[in-house]
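Visitor: Please build the complex by placing chain B on the supplied structure of chain A, with the hints as guidance.
Here the protein sequences come in this chain order: A and B. So that you can map any letter, position 224 of the first sequence is 224 in the working numbering, and since no number is skipped, the others follow by simple counting. So that you can map any letter, position 220 of the second sequence is 220 in the working numbering, and since no number is skipped, the others follow by simple counting.
Straight-line C-alpha distance at most 27 Å; calculated DSSO-like pairs for lysine-lysine:
hint: 1; chain 1: B; residue 1: K339; chain 2: A; residue 2: K339
hint: 2; chain 1: B; residue 1: K73; chain 2: A; residue 2: K339
hint: 3; chain 1: A; residue 1: K73; chain 2: B; residue 2: K339
Hints were generated in silico from the structure; no laboratory data involved.
There are 2 protein chains.
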Amino acid sequence: MATATLSIDLSALVENWRGLSAASASHPAAVVKADAYGLGLAPVAQRLAQAGARTFFVAVAEEGVALRAALGKGPTINVFSGHMDGDTPLIRDANLTPMINSVDQMLRHFEALPGHGFGIQLDTGMNRLGMEPAEWAAVRDVALDQSPTLVMSHLACADATDHPMNAQQLRSFQEMTHDIDAPRSLAATGGILLGPDYHFDMVRPGVGLYGGMPFADAVPVVQLHIPVIQIRDVAVGETVGYGNTWTARSPSRIATISAGYADGIIRAMGPQATLHAGSSAVPVVGRISMDMIGVDVTGLAHEPDTLELLGPHQTVDTVAAFADTIGYEILTSLGARYKRVYL
Amino acid sequence: MATATLSIDLSALVENWRGLSAASASHPAAVVKADAYGLGLAPVAQRLAQAGARTFFVAVAEEGVALRAALGKGPTINVFSGHMDGDTPLIRDANLTPMINSVDQMLRHFEALPGHGFGIQLDTGMNRLGMEPAEWAAVRDVALDQSPTLVMSHLACADATDHPMNAQQLRSFQEMTHDIDAPRSLAATGGILLGPDYHFDMVRPGVGLYGGMPFADAVPVVQLHIPVIQIRDVAVGETVGYGNTWTARSPSRIATISAGYADGIIRAMGPQATLHAGSSAVPVVGRISMDMIGVDVTGLAHEPDTLELLGPHQTVDTVAAFADTIGYEILTSLGARYKRVYL
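If we strip away everything but chain A, and leave its shape as in the complex, we get (with noise of 0.2 Å):
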């Protein structure tokens, strides 16, 4: 088998939402957009809803309505993107609750689908989904009249504990909802951890659910072991992938591990990756591949079956940083080659 076998220990998924929910005295609501952070919707959902979730986020209707037919009809289901033009459909059929953005969306909503619970996002500084404090004012009463689920916002800088921008976006919230009846939420998984002045009625986590940072007490969640396809000697002077990027300075074993940029495994990350066979770090040698990767194994005293490029040993944050980015795009970018196996 060539196909890399991704892990994922949903005991330790429900941990971090323990850990997470015991963090706040709000109502926790679990945010799984984007299949689950890489994870996988159906199975992430449903262990998070026999652990008591009660209330999830999707980004898009879509999602939404795959979310209802995993969990069945109980649980709230709110939709990031609010009431797009074409949803209304979809948010009446699977009982979603969008979080309405705007002016425009709050009047398609209310015109399709009179008396369908909705909430109401504000942009508090991000510029980037709800309402702002003008046309707020000038929408709140005809919008409260109408009983929303949630007011909400969504925090820019939270993972950064001490940027001024936190404060600031706490302000604003408070002086945009503080003599409102409606529940209210601000905080992600990095609000959480910003303390109890950010939680109001309910806190949504996200990445730290699945392992991530700013969580610096999640369980990791996954692992992916990676096989080797074949293990090569490479003389002095011998280059190693595409663009002969890597010259061979010694003697050197290289082994060819069946997983590339194709599976999720940033192509920028080059030569600055690492793997693990064991407690060993290897490095990875030459150019990603689409479906392939260059390891020197040079160091090792067995020939390994597989290597693991995520597990006790390299974290998603750890991976990411070898691409220069974030753990949440390691997850997100987790293939649909790999060969899940849920624990």
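Guide: The following block gives chain B in isolation, referenced to the frame of chain A:
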């Protein structure tokens, strides 16, 4: 609808197939690994089969099983990773042809599936897959006695026409195979364009079929249009997106579009990237987030409903340059959330 639409022009695919087939007198085989470079294995392979393709290549046996289900009994399906431990039932039941990479794989194949077709992959200097010259010399008589259907190798630098590695690998391949009867293959898309010396009995176009360089005459196959969720005014000094990395220097109109790195839009593109509204280029502002991107649409006369990331104004290679990568990675990263429409 907040999901983007990925249009795949199967007529353009066939035009590229015909163009690359006509560039050589050899038997053309289609490379459809990695879900046909992200465009959908079944629809792509079925259309190529209609257009006359009789031989296909995939990376791993699992892809071969899926391809056999899509194509039925006739076509030949070759597997680059060869005969791995555990592959035997897949190779047998789906009638796959492994490209044997090592003596270990050869022994496994002969023992597990005597009489079952196979090819041989030789390493001519890339040091990635295939038997080394000495290994090949030791087993070639045994191997050739079993009538391999193909003896092949792969070029490391074919995208750079004048790289001396090309002639060196050609010489090595000729030395290793000049006196054999089995059909031979060395060239993928880049190798086809290097000219007839590189064509041998079979050529293996891949990326060129899908509209990517180095096939400069390729017809674009994909278009990607991303819906706008909302558009807002931002004042001088306001920031957009995670980490406040973009600040408005003049009053601006910012569109939030509904796709992000979870859809394979590589996060590293960030502010180097543009999209298009008709023929007008519009720049990304701030960080690409998981499900959304901010775009400066100040210069547009009308509010767009969607923006083009791939299409007539931006090829896969244009977009690749935003992330300092290659078109291949843009194709194979195309996300699962897109609504795929085949033209």
